[in-house]
Amino acid sequence: KQEVTQIPAALSVPEGENLVLNCSFTDSAIYNLQWFRQDPGKGLTSLLLIQSSQREQTSGRLNASLDKSSGRSTLYIAASQPGDSATYLCATSLSGGYNKLIFGAGTRLAVHP
Amino acid sequence: EPEVTQTPSHQVTQMGQEVILRCVPISNHLYFYWYRQILGQKVEFLVSFYNNEISEKSEIFDDQFSVERPDGSNFTLKIRSTKLEDSAMYFCASSVSSYEQYFGPGTRLTVT
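Top line first, the protein sequences correspond to chains R and V.
Counting from 1, position 54 in the first sequence corresponds to residue 56 in the working numbering; the numbering is continuous, with no gaps.
Counting from 1, position 83 in the second sequence corresponds to residue 1549 in the working numbering; the numbering is continuous, with no gaps.
I should point out that these hints are in silico values taken from the structure, not numbers from a laboratory.
All clues stand as given, with none of them false.
With a cut-off of at most 25 Å between alpha-carbon atoms, the simulated BS3-like pairs for lysine-lysine come out as follows:
id	chain 1	residue 1	chain 2	residue 2
1	V	K1544	V	K1508
2	V	K1508	R	K70
3	V	K1549	R	K44
4	V	K1508	V	K1549
5	V	K1523	V	K1544
6	R	K3	V	K1508
7	V	K1523	V	K1508
8	V	K1523	V	K1549
9	R	K44	V	K1508
10	R	K3	V	K1523
Facing chain V, a subset of chain R residues (Cβ under 8 Å, in silico):
id	residue
11	G45
12	L91
13	K102
Simulated restraints on C-beta separations:
id	chain 1	residue 1	chain 2	residue 2	range
14	R	S48	V	S1524	18 to 24 Å
15	V	E1469	R	S30	28 to 34 Å
16	V	I1486	R	V22	39 to 45 Å
Every residue gets a Cβ at the ideal spot worked out from N, C-alpha and C, and that includes glycine.
Input sequences plus hints: build the corresponding full structure.
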């Protein structure tokens, strides 16, 4: 059974810092890995999708990497801004399934001016 | 940009009542999903739907739950007899083939 863990659970940083959010998963037979942003009481916004054959994806100030063999993914946020404050969720789908996503508990990020 | 929509945004119901949560997936998507998030907990998979039938369901998705795509655009989740523990945020998602899933804004269900 796939387990997804995110570390740290919470992070508070000053504006402008570069930061790394970590995601680990127990079953390396993933089909893809998706990073989401969730604002309080709101839905999930997809940030990046990494397919199992890929090593990384970039979108603006965000870069996500994937190491299937070690069961890890990282989300790198460059030059953080107060508007980046949110909870960041990592989710994986497994090969051979209908791509149900298994979520981690998230990292709650606060960027202060 | 196309997006997944959900109605209502908030539903309050009494224990034992039936509720129907509605979703309009992105129009060219073929795979549809329901997830839920109990306050303070992880997002959990409930069910996936493809080609007009359930393709996978979780242990949570018992006989009290059902899904339907009644008219080719809407995708609904029905809970026949709600329990207090059904109180959660329910998210609908859709995807093209096996790729990126797009989520709706959610319906907050409160069972009293």
